[in-house]
Amino acid sequence: MYSRVFGLFLSLFLLFSFPLFAQTVTTRSATLLPNFSLIGNMNGRWDTSPKPSEGFLLKEIELAVQGYLDPSVKADVFMAFHNENGTTVPHVEEGYLTFLNLADDLGAKLGKKKLNFGKQNSLHPEQWAMIEAPLVMTRFLGEEGASGQGGSLDYILPLPFFTQLELGLWKADPIEVQASPNVTVFGITGPVSHARVWSSWSLTDNSELELGFSGLLGQGALSSVQTDEVSVFGTDLTLKGWGEKFNRWVSYTEAMVLNRKLGADRFSRWGGYSYFGYRWNAYWEWGARVDHVQTVDLVSTDETKLSTQLTYQLSETTKLRAEYGYDLGTKDSSVGLQMIFGLGPHSHVLQ
Amino acid sequence: MKKLVIALLFCVSFGTSLWAQSKLNVVAVTPDLADITREVGGEYVRVGVLMQGWQDPHHVDPKPSMVMQLRQADLLIRIGMDLDSWVDSLIQTSRQSRFVNADSVLNASLGFPKLDIPQGAIDGRSGDIHLYGNPHYWLDPENVGVIALNVAQKLGQRMPQHADYFLAKAQKYKATVEQKADFWKREIKPFKPVLVVTYHQTWPYFAKAFGLQVVAQMEPKPGIPPSPKYLIELEKKMKQMNVKIIIVEPWQNIDWAKQLGQRTGAEVLVLAPSVGAIQGVNSYLSLIDFNLSYLKKGLQHVQ
Chain A
1 MYSRVFGLFL SLFLLFSFPL FAQTVTTRSA TLLPNFSLIG NMNGRWDTSP
51 KPSEGFLLKE IELAVQGYLD PSVKADVFMA FHNENGTTVP HVEEGYLTFL
101 NLADDLGAKL GKKKLNFGKQ NSLHPEQWAM IEAPLVMTRF LGEEGASGQG
151 GSLDYILPLP FFTQLELGLW KADPIEVQAS PNVTVFGITG PVSHARVWSS
201 WSLTDNSELE LGFSGLLGQG ALSSVQTDEV SVFGTDLTLK GWGEKFNRWV
251 SYTEAMVLNR KLGADRFSRW GGYSYFGYRW NAYWEWGARV DHVQTVDLVS
301 TDETKLSTQL TYQLSETTKL RAEYGYDLGT KDSSVGLQMI FGLGPHSHVL
351 Q
Chain B
1 MKKLVIALLF CVSFGTSLWA QSKLNVVAVT PDLADITREV GGEYVRVGVL
51 MQGWQDPHHV DPKPSMVMQL RQADLLIRIG MDLDSWVDSL IQTSRQSRFV
101 NADSVLNASL GFPKLDIPQG AIDGRSGDIH LYGNPHYWLD PENVGVIALN
151 VAQKLGQRMP QHADYFLAKA QKYKATVEQK ADFWKREIKP FKPVLVVTYH
201 QTWPYFAKAF GLQVVAQMEP KPGIPPSPKY LIELEKKMKQ MNVKIIIVEP
251 WQNIDWAKQL GQRTGAEVLV LAPSVGAIQG VNSYLSLIDF NLSYLKKGLQ
301 HVQ
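Those protein sequence lines, which keep their order, are chains A and B.
For the record, in the first sequence the residue sitting at position 251 is 251 according to this note's numbering, with numbers rising by one throughout.
For the record, in the second sequence the residue sitting at position 294 is 294 according to this note's numbering, with numbers rising by one throughout.
Pulled out of the complex, with its shape left as it was, chain B reads as follows (with noise of 0.2 angstroms):
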């Protein structure tokens, strides 16, 4: 009898701990690389998340509750670009240097060109602007196929036995998010030039994509809100230029943007900058209909 109890408890933990190494625990700062990461990982990883897709990434208080996140991941990936500098407090008060160290962490904005590079030396005059370029190069789907081979690259240096799964689970992941995102490309073809205003310096990597031509932002500078002086002049812009459309961030002063929108006659569409912005955009794959389905109504009722 007692050696079946020893037996049995050997079984269990021995099986406990097969269990918990079959699954890689993997922390994504944003929504958008958890979920490239779970599309990439499939059955092999257990993805969590530190913030919310309603955040401002550039506004996001660190919490202790996040540390017991970072204690249990085998791997982080982070945005870089310094827009997720936040995490270094997390990482510190955590006590895993393994995620100061390249090897469990994955910067998932290197791999592809970067848009608004500073040139020339920076300071407040710029507004809140980041050296290494504009942060928000994950809504140009084609970046988001680079994410996910880095992805799978990582995931595969982590469990060699399973690298070809990563590879072939990112492969079509990519060809996925390229179909979707060349649809929406047709579909907005025909409206052509497409002017826009949009408030924060979010929408460069998306314009890019999708064939916007980006006229002003809201925002002066980047993180300096309008003055009525500012937005005075703006109106007079896109009232030139005939802009009509205007895309605002959920989390800034929809307000000042109807406002502006009332004035000029362009329409104020509230996008999805992350995955979880708006309710009902569950996935990057959501988010880019959401954006683009938003866009093309926008679009003909301005026409």
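Isolated chain A, as found in the complex (with noise of 0.2 angstroms):
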């Protein structure tokens, strides 16, 4: 069923962007050097847990390659080489091309994505206000998240104000899990299919609203041993706020529920989270989060954590982070340092 519709996908796509491929070689000529740059991430983390603490170290050298194929066509490349128990291992975070329009107002994304899912899924861990990503996201979609090679189209509704929608078909990498129905680990794998819808008002010239609802079909971390099929829908709610100066406060409140059918049995489980960051200078920033979420396991339990960051910009593209972490239900406490330091021209999709 999905290798049909993903080969229909393929079809639409190539139809549509064949006039594309043409303007490429008629402008080549004028195609510039792409952007190339590099972004570090340090971090580490001491918790009174007996989930051992982790060193400062340099965990993650993101290094991207981004630039216009022809004006219509933005390749983007984001290699990633993770530090792995002290081995480096090198992988292709995310490489798609984004079709800007294969028509009017649709475009399209193909290649290897981290999924549009929510608010943060798809972000890179230095686009993050946090030094841990929230609990939802890691325990509903995968540790590092929700990725998948495929393609997506998103549309912009002929609408008074900002809408997106955007449909997805991803074939998400396998999780490698102990054959037990009991395990913690919890991922999404298998054929996905996505979609998301985000709109946007401006309240004042000084505010603006985001609203997303979101949702996923795919298969549970399980799927290779038996029945596991997953669905996850969310909604996020953002709301950003500027002052004169550099004043900036923003909210990002999160919220998904998760179905799962594992062999015989089927349940459902919930999370979310909300932050609230204030930055009262061009320098610092200052954030609280609150998290809960179920686990996706048969017998669910409850984590209930509280967090605090604190941030301090050193330039555009380095960044100093503390987090503060408390776990209501374990009593435990943890404290994380992280530095993100950038190299080039970086940049990212508005999100």
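Simulated from the structure, these hints should not be mistaken for laboratory data.
All clues given are correct.
Only pairs whose alpha carbons sit at most 16 angstroms apart, straight line, appear in this in silico EDC-like list of lysine to aspartate or glutamate:
#1 B:Lys180 with B:Glu142
#2 A:Lys319 with B:Asp128
#3 A:Lys245 with A:Asp205
#4 B:Lys221 with A:Glu316
#5 A:Lys112 with A:Glu144
#6 A:Lys51 with A:Asp332
#7 B:Lys296 with B:Glu187
#8 A:Lys245 with B:Asp255
#9 A:Lys59 with A:Glu84
#10 B:Lys297 with B:Glu267
#11 B:Lys23 with B:Glu43
#12 B:Lys296 with B:Glu267
#13 A:Lys245 with B:Asp61
#14 A:Lys319 with A:Glu126
#15 A:Lys59 with A:Glu126
#16 B:Lys258 with B:Glu219
#17 A:Lys245 with B:Asp56
#18 A:Lys240 with B:Asp61
Using the hints, put the two chains back together into the complex; each one sits in its own frame.
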């Protein structure tokens, strides 16, 4: 079923993009060199739980190569070099083409990409306002979030306010797990179909409201050994306000419901978080977050965590961040420290 | 009756489409560029603006609502020189590849010499420096005259039937701006030499236009906050050179500037780097009047 739909999507894509390829040939001489940039992510975490602490180490280097192939097609490639237990593991984190206008108001993305699900999943860690990803994201979509190879179509609806509809078909990477239904590792794998509606309203000249709805159908981590069908639906609300000078406040709230059919069992879990951040000058930003999530196992436990963040922006691309977390269930505390540094003209699409 | 309704519908739809075609939708990145475009385009353009004058153009968060402004625009007028690179993400989200193409974009930074162009390889050691030179070029009224002519040419390409109208408006506006600048140059002349310290490197074009000598910045490097040690050294330098004017952008830390002013006896002037940066500065002409009249008062005060 998925392969048929994917084939159809690919055919449509080739049909629409043929004139674009023709343009590529004629405009090649005007193409500039791509932008090269590098983001380094050093972090460490120390906590009172039995979970081992992590020293302050360089955890990831992200190398980005970005540029336009022609006026309508942009290529973005993000290579990541992860430090996993002392070994550097390179992989293509994202590599995709963006077709700006296949037709009026219709765009497309093709390649490997983080799924545009909710507010945080498609962002890279250097774009987050926090060190640790929201619990609901890592518990419901996987430790690294949901990503896959495939494509999506996005369309800006003809409304007086900004509303974008995105539909995608992806093949998520397999997840290595123990063959036991009670494992805590969870992620989205196999063929995934996903949709997102993202709207925005300018409340005043200085404030903006964004509302999003996302959904995906896929398979859970145990799909290789038994039935493991998963659907996740989420909603996200973002409020941003800007004051004179550099003052800015931002609020992210996201909630998700996960339905899972695991063997003969069916169950639903929910989770969410709310974050508030305030930047009081060009350099300093404070934030606080509350997370609540139910684990995606047969026997669910609740996790509730409070955390607070303090960020110092050294330059446009370099920041130092400290994060304190407190688990209301286990009463464990954790302290995280992060240094993100950037070289070159790194950029991400508006999310 | 049926024929009458059809005829009416045809007239309304034809009339609406003619009305829509009669005006060109232009979006300018800054209020300064928007104001110049309004002056040049007159009755034939509808001008929107992406950022507010009180925002530091180096630190603008692109918003989805800006995407809607772009989608409705026939022409985008950019600051250029990498100062508005945040607009790129809006263009990508808007799906309007015409803004990747030069036909529907005017880079307002073209056509006049740039200042502070870095030499050799640059990196973070130079602070948040701009590869193509200092991008605050609109603070020199002479450059605004060139921008007005470039806007007229671009509008004329899009609406050839009104090309002469745009050119005439641009020439008239250029003359008005130059006249105003000449008036203020004469007003400032008796105070020369005018030595100033500025918070950020926003003012070299302004200084060149009106004959000010920028001795130093409060930032040791562009975008890098001053350390106490650096401010002590700057204080000594200001006293040695008898610098009595500190120019600050409204979004910078004015308290630090005031403390430096108290220690050196210098007047702190919060000037408008953009239209809308300060209440009452609603046009480029009023920006010149505000900045220069305030500067003159400051100079009179410290004499």
